[in-house]
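Participant: Residue strings, one per chain:
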Amino acid sequence: MSHADATIAAGRPQDAAVRDRTRLARRRVGRLLLLTPAVVWMTLFLLAPIAMIVYVSFWTQYTFKIVPVLTTKSWVFFFSSETYLSALWTTIRLWVIVLALTLVIGYPVALYIGMFIRNKTTQTIVLVACVVPFWTSFLIRVVAWRPMLGTEGAVNLILLHLGIIKQPIEALLFTELSVVIGMTQIYVVFMVGPIAFMLSRIDPSVIEAARDLGASWWRVLRTIILPLSMPGVVVGAVFVSVMVLGEFATPAELSGRKVNMLGNIIVEQVGSLKWAFASVVGVVLTVLMAVIVALLLRLADLRREL
Amino acid sequence: MTYDLELVQLGKTFPNGTPAVVAFDLRVEKGEFVSFVGPSGCGKTTTLRMIAGFEASTSGDILIRGRNVSDLPPERRPTSTIFQNFALFPHMTVRQNIEYGLRVRGVAAPERKRRVDAMIDRLELGDVADQRAPGLSGGQRQRVALARGLVVEPDILLLDEPLGALDANLRKSIQHQLKQLQRTIGITFVFVTHAQSEALTLSDRVVVMNRGRSEQISDPYELYTRPRSAFVARFIGRNTLLAGSVAGVEDGIATLTTAFGPMRGATNGAVFTSGTAALLSIPSEAFEITAATAAAGPERLRGRVLGRTILGTAVRLRIALPDGQEILIETHRDQFTGEWSEGEVMLTWQPPDATVVAAD
Ligand SMILES: Nc1ncnc2c1ncn2[C@@H]1O[C@H](COP(=O)(O)OP(=O)(O)O)[C@@H](O)[C@H]1O
Ligand SMILES: [Mg+2]
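Chains as they are written, first to last, in the UniProt record's numbering: chain A, 1 to 306; chain B, 1 to 360.
Bound-form chain A, shown alone:
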């Protein structure tokens, strides 16, 4: 028995059923209209440019111009050049180090804000205080590290005065260490925020229940607090990762251009009109970010937890 027969058999005129169905369909289309602005925006300014970059990465590069003749030359050049592979490696290395440091430094801070400041207003004030540095420009924040870390900078002067060191530590500025210090300081709040938020949502009686069952503080931290804060860790890690992977200003300013990340390569190539080559690096960077974000998101089922 077909669907139409069924409606007739049920004593309902067929055109009424059809009308119902079209009304339903129309309602569904109406709902989808809500997404139109976002879809248009994303297509114009995200998907189209990405597609364009992928396309341009296969164009032929001449000294000062590119022509739309497809070739894999730029790709081959990237993967056979020591400089560029080392930039890729530097990017991954700095990402791992900075992510680890922001987590190690940020988690205890988040623990303090989220668990021990029980007053919501104080919690908000402290979190806002963490973002105060962001009221100045990015460049100023980066450049401000120079008088701190230089050979005659504040850190060295203090250590010298205290007699902890005899010679100023030169490794503090214009090295990878200074880049790590700078980036960790800038990005640690993005780790603290989401974790503190998740921690503040943990029901205190759940922690009491664990202690009641005999768990020590360390055990409560490991088996209750840590797992329940995982979504915050993942969100924080995604923020930090995306920002660190795309960095170019901090390494440029704090390493005296000695440390080159993929972002620095892109800036340099665009500056010398090497569009095809910049596109290759751009695609590599985008893929790297996508893979890392996808891996991070697998660590926690955000949909269930949030």
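Some clues are possibly wrong.
Sample of chain B residues at the chain A side, in silico, Cβ under 7 Å [claimed, not checked]:
no., residue
1, Phe54
2, Glu75
3, Thr81
4, Phe83
5, Ala87
6, His91
7, Tyr100
8, Gly101
9, Arg105
Simulated coverage check for chain A against chain B, where a stretch passes if three residues somewhere in it have a Cβ under 8 Å from a Cβ of chain B [claimed, not checked]:
no., region
10, 200-208
11, 212-224
Since the hints were derived computationally from the structure, they do not count as laboratory data. Backbone N, C-alpha and C fix where the C-beta goes; we use that ideal spot for every residue, glycine too.
Using the hints provided, position chain B with the ligands relative to the given structure of chain A.
Facilitator: Same frame as chain A, but now just chain B with the ligands:
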């Protein structure tokens, strides 16, 4: 003899100066079901949290099986707590929740499994053993919380309004199961509730609390029939209170001078001197209703019937006393005659059924 739980002059004043618990004395024998009952804010939760170790006491001692645990942290006390919201671990399955305490204690896997399985069986949680806590119904959560607390075999189970989060129908059947469970495993339960009916139904003994103090510790029958303070007379049961002053005491029966003339009630051992302000507390069950022909006198109150509700074999009457007080009295349908159904009635009682307590 050692008690399972002993509170000695236990007190707690919060840093902000709130005296939440004052000079609390209590002795609980092994296997007893003791309830703390009282209005909201009277210090029930604070007392329970001090026993569990979540709040530090500011005076007095807590002894469990003779050992002073006052300075031990919660993880080292032989108690398990059932929290009002059950506080299940949301990221674990039912089985993992129940297993937690045994894992913490380092119980070996085979034994752990045996004990958890037994608990899952006992509390009929087999169907949901592998589900996570957030998806469970109220009744299931409550059973998981019980299983999780009991599996570690505590000396004392502490329950803070564990039925408060459940709907009324479920509450009745779970009350019964809870009592049953306590009887079979035989461990001491300390149960906090603001509902007197729950306390009276479940407990071997009830502690009535008021403003941080324990007003009376009695078994439910005694508490119901012989309140020892005005607060208890008001809080427990359905008592009619008449104010007066003590005129004299003879053979354990005090005579009060009230606005309605002399009235008598039992002193139950309390000592009153003549002239002290007192209250006569008459349980609604003690009243006998007769036609209003007899003259008023001792143990007689004139009343006017305002309305009635038929409750099957009983009839509930709403009666106004001469001072405007309205009382509810249930009487058997057989004794209910049309004669006094709408007008004046006479209420009488036997002096030993009423209680005289000091006015507050
Ligand atoms: N952390 C606290 N700080 C200050 N006062 C508190 C705190 N917890 C409870 N109180 C006060 O102590 C009294 C007893 O509270 P509680 O034990 O929760 O009462 P109950 O459980 O009987 O409703 C109340 O007056 C309450 O306001
Ligand atoms: Mg309470």
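Participant: Hints first: check each against the structure and report whether it holds.
Facilitator: Consistency of the hints with the structure:
{"no.": "1", "hint": "Phe54", "result": "holds (6 Å)"}
{"no.": "2", "hint": "Glu75", "result": "holds (5 Å)"}
{"no.": "3", "hint": "Thr81", "result": "holds (5 Å)"}
{"no.": "4", "hint": "Phe83", "result": "holds (5 Å)"}
{"no.": "5", "hint": "Ala87", "result": "holds (4 Å)"}
{"no.": "6", "hint": "His91", "result": "holds (5 Å)"}
{"no.": "7", "hint": "Tyr100", "result": "holds (6 Å)"}
{"no.": "8", "hint": "Gly101", "result": "holds (4 Å)"}
{"no.": "9", "hint": "Arg105", "result": "holds (6 Å)"}
{"no.": "10", "hint": "200-208", "result": "holds (count 4)"}
{"no.": "11", "hint": "212-224", "result": "holds (count 8)"}
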